[in-house]
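There are 4 protein chains.
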Amino acid sequence: MWLVGARGSVATTVIAGCAAVAAGLHPPTGMVTETAPFDGVPLPPLSALVFGGHDTTSYPLPKRAEELAAGGVLPYGLPHAVRAELAAADEAVRPGGPLPGDDREDRELVTAFTADLRAFLRTHALDRAVVVNVASTEPAAGGERAAADDRFPPSSLYAHAALRAGCPYVNFTPSTGMHHPLLQQMAECSGLPYAGRDGKTGQTLLRSVLAPMFAQRALPVRAWSGTNLLGGGDGATLTDPAAAAAKNAGKARVLADNLGAAPPGEVHIDNVPALGDWKTAWDHVAFEGFLGNRMILQTVWQGCDSALAAPLVLDLVRLTAAAHAAGISGPLTPLGFYFKDPDGGPAALADQYAELLTFAHDLRTRR
Amino acid sequence: MWLVGARGSVATTVIAGCAAVAAGLHPPTGMVTETAPFDGVPLPPLSALVFGGHDTTSYPLPKRAEELAAGGVLPYGLPHAVRAELAAADEAVRPGGPLPGDDREDRELVTAFTADLRAFLRTHALDRAVVVNVASTEPAAGGERAAADDRFPPSSLYAHAALRAGCPYVNFTPSTGMHHPLLQQMAECSGLPYAGRDGKTGQTLLRSVLAPMFAQRALPVRAWSGTNLLGGGDGATLTDPAAAAAKNAGKARVLADNLGAAPPGEVHIDNVPALGDWKTAWDHVAFEGFLGNRMILQTVWQGCDSALAAPLVLDLVRLTAAAHAAGISGPLTPLGFYFKDPDGGPAALADQYAELLTFAHDLRTRR
Amino acid sequence: MWLVGARGSVATTVIAGCAAVAAGLHPPTGMVTETAPFDGVPLPPLSALVFGGHDTTSYPLPKRAEELAAGGVLPYGLPHAVRAELAAADEAVRPGGPLPGDDREDRELVTAFTADLRAFLRTHALDRAVVVNVASTEPAAGGERAAADDRFPPSSLYAHAALRAGCPYVNFTPSTGMHHPLLQQMAECSGLPYAGRDGKTGQTLLRSVLAPMFAQRALPVRAWSGTNLLGGGDGATLTDPAAAAAKNAGKARVLADNLGAAPPGEVHIDNVPALGDWKTAWDHVAFEGFLGNRMILQTVWQGCDSALAAPLVLDLVRLTAAAHAAGISGPLTPLGFYFKDPDGGPAALADQYAELLTFAHDLRTRR
Amino acid sequence: MWLVGARGSVATTVIAGCAAVAAGLHPPTGMVTETAPFDGVPLPPLSALVFGGHDTTSYPLPKRAEELAAGGVLPYGLPHAVRAELAAADEAVRPGGPLPGDDREDRELVTAFTADLRAFLRTHALDRAVVVNVASTEPAAGGERAAADDRFPPSSLYAHAALRAGCPYVNFTPSTGMHHPLLQQMAECSGLPYAGRDGKTGQTLLRSVLAPMFAQRALPVRAWSGTNLLGGGDGATLTDPAAAAAKNAGKARVLADNLGAAPPGEVHIDNVPALGDWKTAWDHVAFEGFLGNRMILQTVWQGCDSALAAPLVLDLVRLTAAAHAAGISGPLTPLGFYFKDPDGGPAALADQYAELLTFAHDLRTRR
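Here the protein sequences come in this chain order: A, B, C and D.
Residues are numbered in our numbering as their position in the first sequence, beginning at 1, plus a constant of 64.
Residues are numbered in our numbering as their position in the second sequence, beginning at 1, plus a constant of 64.
Residues are numbered in our numbering as their position in the third sequence, beginning at 1, plus a constant of 64.
Residues are numbered in our numbering as their position in the fourth sequence, beginning at 1, plus a constant of 64.
Be aware that a few hints might be false.
Residues on chain B that point at chain D, a partial pick, calculated with CB under 10 Å [what the hints assert, rightly or not]:
no.	residue
1	Asp167
2	Gln248
3	Met250
4	Val285
5	Arg286
6	Ala287
7	Leu323
8	Pro327
9	Glu330
10	Trp342
11	Trp346
12	Gln366
In short, the hints are calculated from the structure, not lab data.
Quick caveat: nothing in here was measured; it's all calculated off a predicted structure.
Ideal placement from N, C-alpha and C gives every residue a C-beta, glycine not left out.
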């Protein structure tokens with residue numbers, strides 16, 4: 065697994081958690097690939113995964129893990145128990161980019177990232193490396209940078225490098241990644257599988273089961289409003305209106321796809337550093353009942369962002385690796401279960417789950 | 065449609081609402097049978113429905129409708145607009161029982177109820193009458209009355225009469241109805257379709273989409289707690305612990321069926337007369353994330369009980385009538401979409417919806 | 065009582081409600097001046113109040129009242145019961161301004177408004193008229209209009225007219241009103257009492273009791289975030305960021321004054337037309353406990369805006385009239401109980417209530 | 065400080081937290097006695113406090129502290145940093161009683177407890193020891209035990225011993241303690257100060273500011289319903305209906321005292337072990353607005369029980385010690401700020417705070 069944003073909270077939780085589960089210290093809570101319907105699917109075992117990645121910070125993974133444990137994200141004592149695995153992953157992290165003041169051109173960055181990936185494959189004698197983007201959300205396309213100099217957003221540089229190195233790719237963020245117009249044809253011809261985008265971990269996960277309920281019961285939603293409070297790095301990133309816009313596009317799409325049209329209603333994303341790595345999402349749904357009766361559903365979701373994301377990242381990398389091994393290429397539509405803004409497929413979680421199980425069955429029988 | 069509890073809030077809303085929708089005064093909000101997937105299904109049109117029923121009160125339907133309008137349950141002006149239909153239905157209501165001090169035996173009551181049903185069919189020259197129980201919830205079986213004298217609960221008297229009169233039967237409440245052991249064989253041999261029980265209108269509806277989400281995402285639910293605040297008659301009835309127990313059994317079943325086992329957690333039902341016909345349900349779900357992280361989902365559902373129930377009652381009666389016309393008999397498992405405690409079938413709402421659509425398709429093709 | 069915005073929801077509720085309470089049809093719920101501590105205070109009786117006002121719409125008050133009753137704001141049947149009072153008030157409404165395309169200068173408008181007030185006093189042979197601003201919120205000062213042409217905001221034109229006509233003035237909105245720098249000296253020299261601004265009806269009312277609780281218990285608030293969902297005219301007005309900014313300034317002030325400094329946290333105001341005249345405010349308070357423990361308080365306030373405002377408007381007008389009769393002039397600091405952004409005085413509701421009672425006592429003893 | 069229940073979560077947090085604050089490792093968050101208005105009040109400094117107590121368990125305090133840190137109640141690393149203080153306190157804990165199967169009579173137990181207190185005073189050459197009850201809630205008086213054998217509840221045995229040893233007494237729980245009829249006269253004649261009962265840490269704290277708000281704004285509360293979810297020992301204890309009844313009496317009293325009469329509404333206390341030491345309280349307040357409008361306030365309070373209680377226990381012991389030093393005796397009415405069910409005084413938190421500040425001023429000037 066090659067993590068773009070390898071020293072962030074999500075990546076640290078992925079690496080420490082994978083080691084903990086592989087060692088039997090914790091059950092694989094939240095990993096759908098470890099449930100009964102996935103028995104017999106030829107997925108890489110957790111103990112066989114090797115970690116590396118890119119990051120623009122040099123803050124060591126073991127220290128980051130200590131901080132996450134002090135903040136209650138990782139269990140007390142876990143960083144110590146998996147310190148060897150964290151140190152090994154930390155050694156395999158290479159400098160990302162572009163950094164502020166970096167005068168390398170896009171082409172040079174892609175070449176460097178590609179070389180890093182190839183070295184990782186070679187050094188560890190790997191069959192394949194799945195590149196997964198868990199870095200901070202970028203401003204939405206069409207923002208200043210795009211207009212100013214027509215350069216690739218960083219997420220697309222990494223995606224480009226993945227294609228050049230022959231690596232499957234997963235975009236867990238709303239950033240552009242493989243969706244850049246200049247990469248589309250290259251991706252299609254690459255023979256590689258790829259999946260995205262934007263992991264469905266909280267408010268949107270809920271919306272993907274609640275919106276179908278309203279639709280199936282013929283209860284028109286008159287307004288769907290929401291506020292997200294996020295601490296941690298994600299909260300700070302999303303105070304950039306362009307980054308928040310990128311995130312919100314996915315949230316709105318889930319409603320529009322499930323309800324026929326997006327109902328009125330704002331979505332706010334606020335940076336609340338006091339929450340640390342926790343996030344809170346409040347949703348207020350005004351719906352209409354029989355004879356015009358006004359009714360309300362409110363939901364409050366309180367979870368730890370990294371702990372919600374990490375098992376999904378592990379699932380996605382394992383499934384994408386299995387798809388690659390099975391010779392499947394192109395967008396992995398059956399992984400829509402995991403994403404806010406998937407490459408096609410149904411919009412309701414139940415239907416997405418059914419597609420995921422069919423995909424698992426296919427992988428099992430192709431074996 | 066023959067309503068047991070014909071002068072209650074739900075029945076009044078059913079009758080007034082059916083007239084309003086049939087006259088084009090309101091759209092059929094909340095009626096699943098009026099959505100696109102039901103086009104072409106041979107359901108009785110709303111304008112063809114005729115109403116009658118049993119009740120132990122003689123308070124007239126038009127007055128009850130006025131009260132519901134003053135309380136905001138029915139739209140301003142609606143009771144006046146549909147006064148003819150309310151008066152007609154009111155005339156067709158016959159005395160229920162047993163009343164306090166009623167010394168008729170069960171056998172006499174069943175005979176009287178059966179005669180009422182036959183007269184209704186004859187007077188209006190009807191093809192069929194579907195009996196639907198929308199009366200207040202009875203105490204759970206095994207309560208005092210059962211022990212004391214081994215008599216049928218009233219809901220089973222009406223169910224018995226339905227069987228004797230050859231009428232299909234729908235139980236929208238948690239009361240015993242057709243589930244009485246002494247009625248089981250008779251029901252099976254009757255050649256009639258029947259459905260139940262306990263309409264899924266609020267907290268349990270939500271649980272039937274949220275519980276599958278936790279299961280599909282491999283997030284173990286550690287506790288699911290809930291409090292319901294109800295005004296109106298239902299709140300008062302459910303202060304009887306035995307009645308509340310009947311109601312709660314259905315709620316718990318939805319969780320157990322979707323999660324594999326019922327998680328710890330109480331469900332409280334409080335009578336709050338200040339809420340009028342509105343109800344509020346608060347749910348608190350403590351679930352576990354990756355590496356043992358503690359996370360919380362809370363939901364607050366605020367709706368008008370009668371307005372939530374009425375379109376489902378109309379749906380059920382139409383579907384049951386169509387089943388009868390098509391010669392289908394026995395428990396209507398594909399109607400589990402509507403019930404807390406259905407006669408078999410899947411537990412997740414999405415799967416129940418799929419079964420309902422298949423049933424609609426069957427009715428359409430049998431035509 | 066002279067209402068600026070005399071045909072809006074608040075004014076309609078004030079006029080209809082005053083008539084209903086005066087006639088004994090409803091108790092004076094929400095009117096603090098009708099509670100025991102105000103016995104013997106020389107306030108104008110409700111039955112003695114006469115209504116007039118300015119508005120830019122000509123939509124008649126009786127029709128507006130019908131709409132409010134259909135929407136559940138006014139009780140069923142009330143518009144009919146008080147139709148005479150509504151019609152009388154409607155006749156006393158004069159055209160406000162400036163309207164779009166109005167080429168009158170500020171001076172002309174003030175002259176016209178002053179003449180309207182004098183005519184009202186004369187026609188009804190009144191001792192005094194209290195002018196109260198219940199019109200839609202204006203954009204915050206410093207907005208475009210201010211920059212462009214240095215004209216008075218409309219609220220200040222009406223305030224100016226009140227001063228010229230010798231009328232006490234109450235600003236129930238966050239608009240500028242009497243706070244315009246060019247009116248300050250005139251107000252001080254006028255010998256008139258005035259009060260403002262921005263009625264404390266929901267989220268801020270709650271904050272004015274919760275913030276002192278945290279301060280008194282030495283629990284530091286780390287973030288206070290809030291989202292307001294408003295339908296009705298107010299929701300639409302407040303989608304203008306400048307108007308929302310005006311509203312939010314008051315909300316932030318309550319926290320800063322009670323907590324020593326304003327904690328981090330956004331306040332959002334969303335227009336949700338589906339809510340009609342109802343508003344919902346969600347607040348999320350992240351506070352710190354002993355040894356750095358992270359704790360959370362959330363509140364959800366659901367109320368009808370006009371019904372929350374109307375009794376406070378009646379209180380304020382009565383108290384201001386009594387102050388005028390008693391010869392009190394200048395800003396009425398003891399009325400801070402009613403306002404988000406008062407003219408000095410304490411910030412905690414309990415202290416503001418104590419000041420209000422002292423003021424009532426003063427009025428009683430001055431008699 | 066002599067803690068009854070010295071090895072429970074609250075006592076452990078008190079001891080570890082006092083050491084941490086005294087050593088400058090943490091600020092005194094939540095300790096009102098460390099805020100500016102208490103400057104110059106002759107309170108015992110935190111560094112001068114010595115801890116002992118009674119408990120029926122022998123599970124060592126340092127181990128308990130480790131568990132609390134693993135559960136996120138105490139900060140990571142704190143048990144290690146204050147291990148000396150925890151060990152010292154642990155050594156000073158004496159066996160409580162009666163244990164199951166204990167055949168000692170009440171008189172013998174009181175004698176033993178008194179001897180323990182005297183030994184503590186002597187060993188550490190203390191000026192005084194304040195006894196504070198932080199043990200699990202006992203069943204409400206009038207329960208089975210009272211009827212069966214007329215024995216003292218354990219909390220009253222400890223209170224009796226405090227009187228005999230000449231120690232001031234604080235009851236932080238709803239248990240009987242000093243309120244036993246057979247202790248009343250002895251307490252009054254003892255010349256000792258005492259305070260209670262039942263610390264106001266969450267739902268009731270909120271109610272003590274919200275209920276006055278409704279009263280001051282003349283908004284009648286039509287129903288006040290609440291559900292408490294508690295893990296930890298307290299949750300388990302309160303599944304005993306008699307213990308829950310004891311707890312609820314205090315909660316209802318706050319509403320009755322502030323609103324004139326207790327509004328309808330249930331309070332539920334559920335044991336939810338999955339919450340650990342955290343508690344969640346949901347309150348739903350149905351109140352009436354102008355012209356009978358129905359409005360709703362809901363609150364959700366999520367906090368760590370021990371962390372909420374500990375700073376209040378430290379405050380109470382310091383204030384009671386200062387009262388004793390100043391020669392004040394009898395019930396300490398000005399400490400009502402801290403209690404659900406105080407010995408007289410006002411019911412609104414703001415008024416209780418004012419009384420507390422007056423008391424602080426008295427202590428300062430008596431010096």
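Outcome of the hint check:
no.: 1; hint: Asp167; verdict: violated (37 Å)
no.: 2; hint: Gln248; verdict: violated (36 Å)
no.: 3; hint: Met250; verdict: violated (41 Å)
no.: 4; hint: Val285; verdict: holds (9 Å)
no.: 5; hint: Arg286; verdict: holds (3 Å)
no.: 6; hint: Ala287; verdict: holds (4 Å)
no.: 7; hint: Leu323; verdict: violated (14 Å)
no.: 8; hint: Pro327; verdict: holds (8 Å)
no.: 9; hint: Glu330; verdict: holds (5 Å)
no.: 10; hint: Trp342; verdict: holds (8 Å)
no.: 11; hint: Trp346; verdict: holds (5 Å)
no.: 12; hint: Gln366; verdict: holds (8 Å)
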